[in-house]
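2 protein chains.
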Amino acid sequence: MTTSRQIQLKGYPDGAPTPDLFQEATVELPAPQDGQALVETLYMSVDPYMRGRMNPHVKSYIPPFQLNEPLDGGAVCRVLESKTPELSEGDIVVGMGGAGWRSHAIITPKGFSKIDPDLVPLPAYLGVLGMPGLTAWAGLTQIIKPKEGETLYVSGAAGAVGSLVCQLGKHYGMTVLGSAGSQEKLDWLVREAGVDHAFNYKEHDARSLTKAIAEVAPKGVDGYFENVGGMQLEALLNVIAFGGRIAACGMIANYNAKELPPGPSSIINIIPRGVLMQGFIVSNYAHLQDDFIKEVAPLVASGKIKHEETIYDGLEKAPEAFLGLFEGANTGKAVVKVGA
Amino acid sequence: MTTSRQIQLKGYPDGAPTPDLFQEATVELPAPQDGQALVETLYMSVDPYMRGRMNPHVKSYIPPFQLNEPLDGGAVCRVLESKTPELSEGDIVVGMGGAGWRSHAIITPKGFSKIDPDLVPLPAYLGVLGMPGLTAWAGLTQIIKPKEGETLYVSGAAGAVGSLVCQLGKHYGMTVLGSAGSQEKLDWLVREAGVDHAFNYKEHDARSLTKAIAEVAPKGVDGYFENVGGMQLEALLNVIAFGGRIAACGMIANYNAKELPPGPSSIINIIPRGVLMQGFIVSNYAHLQDDFIKEVAPLVASGKIKHEETIYDGLEKAPEAFLGLFEGANTGKAVVKVGA
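Chains as they are written, first to last, in the working numbering: chain A, 1 to 340; chain B, 1 to 340.
To be clear, the hints were calculated from the coordinates, so they are not data collected in a lab. Bear in mind that the values here come from a model prediction, so they are computed numbers and not experimental data. Any given hint could turn out to be false.
No copy labels: a pair is met if it fits in one copy or bridges any two.
Said to hold, decoys possible - The calculated DSSO-like cross-link candidates involving lysine-lysine, where the alpha carbons are at most 30 Å apart (straight line), are:
1) K83 <-> K258
2) K258 <-> K219
3) K59 <-> K145
4) K147 <-> K83
5) K59 <-> K219
6) K59 <-> K211
7) K258 <-> K202
8) K147 <-> K59
9) K59 <-> K170
10) K306 <-> K145
11) K294 <-> K114
12) K306 <-> K147
13) K306 <-> K170
14) K10 <-> K145
Build out the structure end to end from the sequences listed, making use of the hints.
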């Protein structure tokens, strides 16, 4: 018998989630059966999309979390015992199949992939080379379809997804504008990620952001990678160029709203300007995982693509790490170190 | 010398356009030069998009109308005198190259096409087989891409564009829902256009329309052909299905707003449901004109596709016909008979 510590969801949030919605529990795991493996979780991911799974009635590709059950998400694990030929003791795997938010789990090979622990540090497999990385790469290459010389705007630019979008945009020869909420993040964007103009969204409303973007991008914004929503979407629909493309990946500004705020009045501009707006979640592009790794892993391994992680130490820190996502507490990917 | 009566724009509207913004004038036309032809306008079109050209600062593919100059738009004309080998006296042509809102014009062959006056009545070349027809067909086939068995919702369903979208949707095997603003139009939609469920938008707000659509389309709406905007967009983003497609063709509810109303708060749904929203204007699809005529003209000629026109008699009625677009005054295409 193996004891697994886990973080469970105790209640659904009404508005912003709070620490009291989480509870710790321990469960005894049975021995793995044929086709299964026992793993210990080394690192787990906290991501904004998890807030969506805390709405019991939301209509989404992913079902809501159940109360008094462990939460789940991406995790990097070590195989301790295997009863399946696809995994061996000592393998390091990453996946979303039931090993997140807990110390140990019984898994099946489906939904996990073996990874090379020597290529990049393990937390990067939850960030730049993980689900956020695929999200960034797929939204940019499959929806925005960058052309050299075009202008790209990225909201949430210093986040796990946004920071890769910015750097890939530069890699493809675009002028890149990005927004974040602190001077430290703006500095990182310009100095490390190569962003051409960084905006502090906290200093703007839709009108002033419209003006500020128009000053540096008088021909308009060709591609908008949307992580935030709210007044930034309002502003970007004012400055979007003819034939502009919007990859709608997240609207974190709205995730905790008890009542949804009004949408962008400027949405009417999509008609005369022939704008495409495509909402997506990463699983829509799961079939492109290999193409993503093939293109991006060498850029990361060579240091051409920078990545940052904010590491929280200990499973018990997972709620704090998650809540920090909505307060702009992290630069780059927020990851929780669970095991040794 | 030929005298041309014309309707000019006297001032830009602030909000809803009013009759006093239009003025009649007569001008003497010079004789056609080499490469030109003199035409008399038989029928002219009034369309909602013209309101957009009355905003002097709007950023669009089409420039705004100039003050104290004639307005322009689609027109069916007879060639009176030709100095170009591409046109002959007596030819009937249709196009948007400077013959709308006036009785006579000097044109060039570019932007006009010869038409067969025996195939369908001439006003149909401004409606079901004209620009609104191409708009309907292109938005449906190129953006929504119907699949048999899917559900389609059409706002402004009894209008020039919407009535064709509805019928093509049925032709492609879809369940079709449509909205309009009078019992007479709802009856026409169900009895003539074959619409499965017709909604009177005047009897609904976003919440009740959401509920009404969900009752008849419990699996959601796969395709939304958007002509109206406002609360209908709010409702449709509530009931849009996974992988739904929205062809954003018009938002007439907003055209006369002095200040743009808030957008749809439900826009966040495009992310978890992977929804595509594509704004477009007909000229984006001008290159598909031949494909459109090839597919739709036989359906119209055979009577399989029904079409209605509301005909206003006399050039001087053009402002009234145009203003009626914003009051739901017309079933089908609004056309002004200008010449004999």
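Results for each hint:
| no. | hint | verdict |
| --- | --- | --- |
| 1 | K83 <-> K258 | neither (46 Å within a copy, 68 Å between copies) |
| 2 | K258 <-> K219 | between (37 Å within a copy, 26 Å between copies) |
| 3 | K59 <-> K145 | both (28 Å within a copy, 23 Å between copies) |
| 4 | K147 <-> K83 | neither (48 Å within a copy, 45 Å between copies) |
| 5 | K59 <-> K219 | between (38 Å within a copy, 11 Å between copies) |
| 6 | K59 <-> K211 | between (36 Å within a copy, 15 Å between copies) |
| 7 | K258 <-> K202 | both (21 Å within a copy, 28 Å between copies) |
| 8 | K147 <-> K59 | between (34 Å within a copy, 22 Å between copies) |
| 9 | K59 <-> K170 | between (35 Å within a copy, 28 Å between copies) |
| 10 | K306 <-> K145 | within (22 Å within a copy, 40 Å between copies) |
| 11 | K294 <-> K114 | within (15 Å within a copy, 54 Å between copies) |
| 12 | K306 <-> K147 | within (22 Å within a copy, 44 Å between copies) |
| 13 | K306 <-> K170 | within (12 Å within a copy, 52 Å between copies) |
| 14 | K10 <-> K145 | neither (42 Å within a copy, 44 Å between copies) |
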